[in-house]
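Can you make the complete structure from the sequences, with help from the hints?
From first to last, the protein sequence lines stand for chains A and B.
FYI, the numbering for the first sequence is 23 to 362, going by the numbering used here.
FYI, the numbering for the second sequence is 23 to 362, going by the numbering used here.
Hints were generated in silico from the structure; no laboratory data involved.
A couple of the hints might just be wrong.
Pairs involving identical chains hold if they fit within one copy or between any two copies, as the list cannot separate such chains.
[Unchecked claim] Below, simulated SDA-like cross-link-like pairs (lysine to any residue); rule was C-alpha separation at most 25 angstroms, straight line:
no.	residue 1	residue 2
1	Lys139	Pro121
2	Lys351	Leu104
3	Lys239	Ala293
4	Lys199	Lys351
5	Lys34	Lys315
6	Lys319	Glu236
7	Lys181	Arg51
8	Lys152	Phe65
Since the model is a prediction, treat every value here as computed from it, not as a measurement.
Protein chains: 2
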Amino acid sequence: MYTNDLMLRALKGEKLQRPPVWMMRQAGRYLPDYMKLKEKHSFFERIENPELATEITVMPVDQIGVDAAILFSDILVVPQALGMEVQMISGKGPVLPNPVSSISQAQTLPKPDVEEKLHYVMDAIKLTVKTLDKKVPLIGFVGSPWTLFCYMVEGHGSKDFSKAKAFCYQHPSAAKKLLQSITGVCIDFLNAQIKAGVAVVQIFDSWGGLLGPEDYKTYSLPYIDQIVKGVKGAPSIVFAKGCWFALKELAATGTDGLGLDWTINPKWARAQVGDNITLQGNFDPSKLLGQSKDIQKECMLMIDNFGTQNYIANLGHGILPDVPVHNAKAFVDSVKNYQV
Amino acid sequence: MYTNDLMLRALKGEKLQRPPVWMMRQAGRYLPDYMKLKEKHSFFERIENPELATEITVMPVDQIGVDAAILFSDILVVPQALGMEVQMISGKGPVLPNPVSSISQAQTLPKPDVEEKLHYVMDAIKLTVKTLDKKVPLIGFVGSPWTLFCYMVEGHGSKDFSKAKAFCYQHPSAAKKLLQSITGVCIDFLNAQIKAGVAVVQIFDSWGGLLGPEDYKTYSLPYIDQIVKGVKGAPSIVFAKGCWFALKELAATGTDGLGLDWTINPKWARAQVGDNITLQGNFDPSKLLGQSKDIQKECMLMIDNFGTQNYIANLGHGILPDVPVHNAKAFVDSVKNYQV
Numbered sequence: 023m024y025t026n027d028l029m030l031r032a033l034k035g036e037k038l039q040r041p042p043v044w045m046m047r048q049a050g051r052y053l054p055d056y057m058k059l060k061e062k063h064s065f066f067e068r069i070e071n072p073e074l075a076t077e078i079t080v081m082p083v084d085q086i087g088v089d090a091a092i093l094f095s096d097i098l099v100v101p102q103a104l105g106m107e108v109q110m111i112s113g114k115g116p117v118l119p120n121p122v123s124s125i126s127q128a129q130t131l132p133k134p135d136v137e138e139k140l141h142y143v144m145d146a147i148k149l150t151v152k153t154l155d156k157k158v159p160l161i162g163f164v165g166s167p168w169t170l171f172c173y174m175v176e177g178h179g180s181k182d183f184s185k186a187k188a189f190c191y192q193h194p195s196a197a198k199k200l201l202q203s204i205t206g207v208c209i210d211f212l213n214a215q216i217k218a219g220v221a222v223v224q225i226f227d228s229w230g231g232l233l234g235p236e237d238y239k240t241y242s243l244p245y246i247d248q249i250v251k252g253v254k255g256a257p258s259i260v261f262a263k264g265c266w267f268a269l270k271e272l273a274a275t276g277t278d279g280l281g282l283d284w285t286i287n288p289k290w291a292r293a294q295v296g297d298n299i300t301l302q303g304n305f306d307p308s309k310l311l312g313q314s315k316d317i318q319k320e321c322m323l324m325i326d327n328f329g330t331q332n333y334i335a336n337l338g339h340g341i342l343p344d345v346p347v348h349n350a351k352a353f354v355d356s357v358k359n360y361q362v
Numbered sequence: 023m024y025t026n027d028l029m030l031r032a033l034k035g036e037k038l039q040r041p042p043v044w045m046m047r048q049a050g051r052y053l054p055d056y057m058k059l060k061e062k063h064s065f066f067e068r069i070e071n072p073e074l075a076t077e078i079t080v081m082p083v084d085q086i087g088v089d090a091a092i093l094f095s096d097i098l099v100v101p102q103a104l105g106m107e108v109q110m111i112s113g114k115g116p117v118l119p120n121p122v123s124s125i126s127q128a129q130t131l132p133k134p135d136v137e138e139k140l141h142y143v144m145d146a147i148k149l150t151v152k153t154l155d156k157k158v159p160l161i162g163f164v165g166s167p168w169t170l171f172c173y174m175v176e177g178h179g180s181k182d183f184s185k186a187k188a189f190c191y192q193h194p195s196a197a198k199k200l201l202q203s204i205t206g207v208c209i210d211f212l213n214a215q216i217k218a219g220v221a222v223v224q225i226f227d228s229w230g231g232l233l234g235p236e237d238y239k240t241y242s243l244p245y246i247d248q249i250v251k252g253v254k255g256a257p258s259i260v261f262a263k264g265c266w267f268a269l270k271e272l273a274a275t276g277t278d279g280l281g282l283d284w285t286i287n288p289k290w291a292r293a294q295v296g297d298n299i300t301l302q303g304n305f306d307p308s309k310l311l312g313q314s315k316d317i318q319k320e321c322m323l324m325i326d327n328f329g330t331q332n333y334i335a336n337l338g339h340g341i342l343p344d345v346p347v348h349n350a351k352a353f354v355d356s357v358k359n360y361q362v
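Now the structure itself:
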């Protein structure tokens, strides 16, 4: 069905000659052509205009040669669908000027019709799928309920999201109610994305690692579990940054793939989760700022450690804006040239 | 020798009725009396004036009832001693306007006489020790060489310190030379602190968790190892935030204590490091923003899990500025009221 279906075959656990490779944030600021569009169009224009979103999504497939595309969008479209204002402020990141601050607010967010509220995402998916013309599969995504909750309560990025965590400790029932509302939207949204044409979905738990293991089981894991079980018609990957302590539990959700950050030793991870799940990751993004020859060497070593079955090569977090294009390409080419 | 020597006895592994307790950043912004001094005196006045540093250091002993004092100072006095300018910018944190950016700079930093360059720290220690009058022991500290390197190369705080990491990947020999220079200063500085009267030293590897396990063994661990072995006359504690993957190796340095962040399960940590080292930590600092009754309950559970031998109760990172004083006190009192 796809000219290059390595990504899907890796998620099915097929034995491959070499793993597929893509990079988190691969359609982003390290690409000069992206920067040109960034100068001309605001963040929301870029994600809300299907032509622009498609152009950006396809860029790394054409220019870097990755084995999968991931839709250019943002996890904060879900809070927007929930009626919250989201601003994207250059140099500061996302700001939600009216964060959730009371029990009643947490309990009364309206349940949106995502097909209507986020129709532009589905339009972008349809156009991207058409443009990709079955060359490689397209990945859709959502933020995890916990990670979205962090932004919705804190109101902006933070190194500890202490306000969001304090809300949980002060009002645990209201926090769970809000997490549950977000979860419903995430499930609807991913299923709408699949209906529109994405072949894989990824759930980003970017801030799960701020929770201790017990809190993770209370405020993040159960909602990810619901999403994994609620997604129909496409394999899922969960990437929970900093959540080394919950790998077993995340694997037990039944997700097809588990993304790993670069602090996790591949063999240690495999021992945690067993052989029936595909692992994804985990090259340190900062290493793409080094020398090409070291990137090649370390990339080979990474694949040696993960093996070529049940494995998708990726970074351990998003690609950094100041990575030279030739180094991103060196990483991708190293995977593609891998010989068992 | 001390009226309250629980801290020292915990580090020796003595069997205790209850663990000692102190809190990282206990002399800080959650204390109203500290805030009054902060309004009147700049950051550098507060750390360079022995009377002020002493007053701040002693505050949590008198007001919160902790079992140890930790000198009010900053890890960045070491880069200052190495001739670098450090500015403390309100709302932004530390800025080093002329960071290390070349191989030659990394290799040619002067070796300072710390007793002379940082005499004000030793003066503050002497006055604090006198003021404490053997009530509780005083803890001295340094930043780990890797953590100091991060600031010295990046020039400011960062969520990924990608510039500092890129320097390592681009110029590994120069990076190691700089790390070695910092290490020498750290050893001299801790020994000078001990000579001036601190009874325990702690090494803060705040940014070790940004390195993958192999890079940690290259760029952080060997230098911490040298410090632990080079410190004479006082027990040491290593707190390496986010370094769950290196606990065995950190314990193998021979340090007396190992600080843990709140993502680490106490029993898991104990299984990693064996019974002959004191563990310290690891209450989630955000939990002090919750309800006192929950703090008490969770604190009891934490001690149940760590046990009362070879254990020092603490937070898993610094206390947050917006913690109510009564909650900080609830935490400390919970430990003090612990009954086996």
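Right, here's what the structure says about each hint:
For the identical chains of this complex, Lys139 and Pro121 are intra-copy neighbours only, at 20 angstroms inside a copy versus 47 angstroms across copies, given an alpha-carbon limit of 25 angstroms. Taking CA atoms no more than 25 angstroms apart as the test, Lys351 paired with Leu104 passes in neither setting, with 38 angstroms inside one copy and 39 angstroms between copies. When the C-alpha separation of Lys239 and Ala293 is checked against a cutoff of 25 angstroms, the pair qualifies both within a copy, at 21 angstroms, and between copies, at 22 angstroms. In this assembly of identical chains, the alpha carbons of Lys199 and Lys351 never lie at most 25 angstroms apart, being 44 angstroms within a copy and 31 angstroms across copies at closest.
Within a single copy, Lys34 and Lys315 get their C-alpha atoms no closer than 32 angstroms, and across copies no closer than 48 angstroms, so neither meets the 25 angstroms cut-off. With identical chains, the CA atoms of Lys319 and Glu236 are at most 25 angstroms apart between copies only, with a shortest distance of 14 angstroms across copies and 38 angstroms within one. Both within a single protomer and between protomers do Lys181 and Arg51 lie at most 25 angstroms apart by alpha-carbon distance, with minima of 22 angstroms and 17 angstroms respectively. In this assembly of identical chains, Lys152 and Phe65 lie within 25 angstroms of each other by CA distance solely inside one copy; the values are 23 angstroms within and 59 angstroms between copies.
In the structure shown, a violation is registered for the earlier hints numbered 2, 4 and 5, in ascending order.
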